Amino acid sequence: VVPCPSNLSNVVKPHTQEHLDAARRNRDVARSLRTTSPDWTAVVAFYAALQFLDAYLFEEVTESDKLSHHDRKTYTEELSALRSLQPYYADLYGLSVDARYNPPLRIKPETAQNAMDDLATFEQGICMRLGV
Amino acid sequence: MWYHPHPMDTTGEVNIQEAAMPVLARPQAKHKRSADAPRRTAVQTVQPGRRATASKPTATNIGKAFAALLPDYLAGHRLWVREESGHLDLWLLTPSISHEQRLDLYRLQVSLRAQFPKAEVELHITYPGLYELEGKPFEFVPPRGALSIESK
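Chains A and B are the protein sequences, given in the same order.
For reference, each letter of the first sequence is one residue, going 21 to 152 in my numbering.
For reference, each letter of the second sequence is one residue, going -8 to 143 in my numbering.
Careful, some of the hints might be misleading.
To be verified - Okay, the calculated bits of chain B under chain A, using three or more residues with CB under 8 Å as the criterion: (1) 66 to 74; (2) 91 to 105; (3) 120 to 128.
Since the hints were derived computationally from the structure, they do not count as laboratory data.
These figures come from a predicted structure and were not determined experimentally.
By construction, the Cβ of each residue, glycine as well, lies at the ideal position given by its N, Cα and C atoms.
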């Protein structure tokens, strides 16, 4: 899985680049948490994916900054360009909900690695769809 | 908390509590809908004494439609559905499955959306292998008011 190039400002809108920058920062934080906190790895990995998704949506679909989680979920399920990425986003969302709102449950390190794998696939997919 | 490791039992098996437990209200983000945002309509609730048609996006119909999409290896699965404020939650309790199988189950949401394009549905897949149980068994407590959907 090849990550997006760090600077795409010559090919995407400035705000799209800001979403991509935020996504990479979150991705790097998620990576740094893998050994110490599988729960937060899953949570931050989801928010990295959300920023990658927002980058695509801002660039290609809508310049709205008022999207809800349901709006994003709907786009991943309905837009043909995003449909193959939908399960990765849904898995990240589900794991992050478990980690945040079900305190007795603690995400396994292997599950956190699944989340990072989901994120890597999602990042690459968004990058390809942005044409880079 | 509707599902959690049981503190006493150490059999390592999945336990399911049918008794309703208090449900933590999941935070619902309040967003101003943008003009570009996809439009949603509420899940319809069937009135007592009235029969729902297959095409109506009721909680039971959506739950049954999702159950029909599940792969054969989940025969005998446990699925619950609950409608609240126009939003539908599906809880699917499975035996331990692989990451790829989990992704395949999430893919079914696209098929479900094709059948009920305007319903707000959220799928929760859960099984013991996702979590660090430290030798304790996994116990699933269906949320209060959730309906059990029978296996296909």
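Structure-based check of all given hints:
no. : hint       : result
1   : 66 to 74   : violated (count 0)
2   : 91 to 105  : holds (count 8)
3   : 120 to 128 : holds (count 4)
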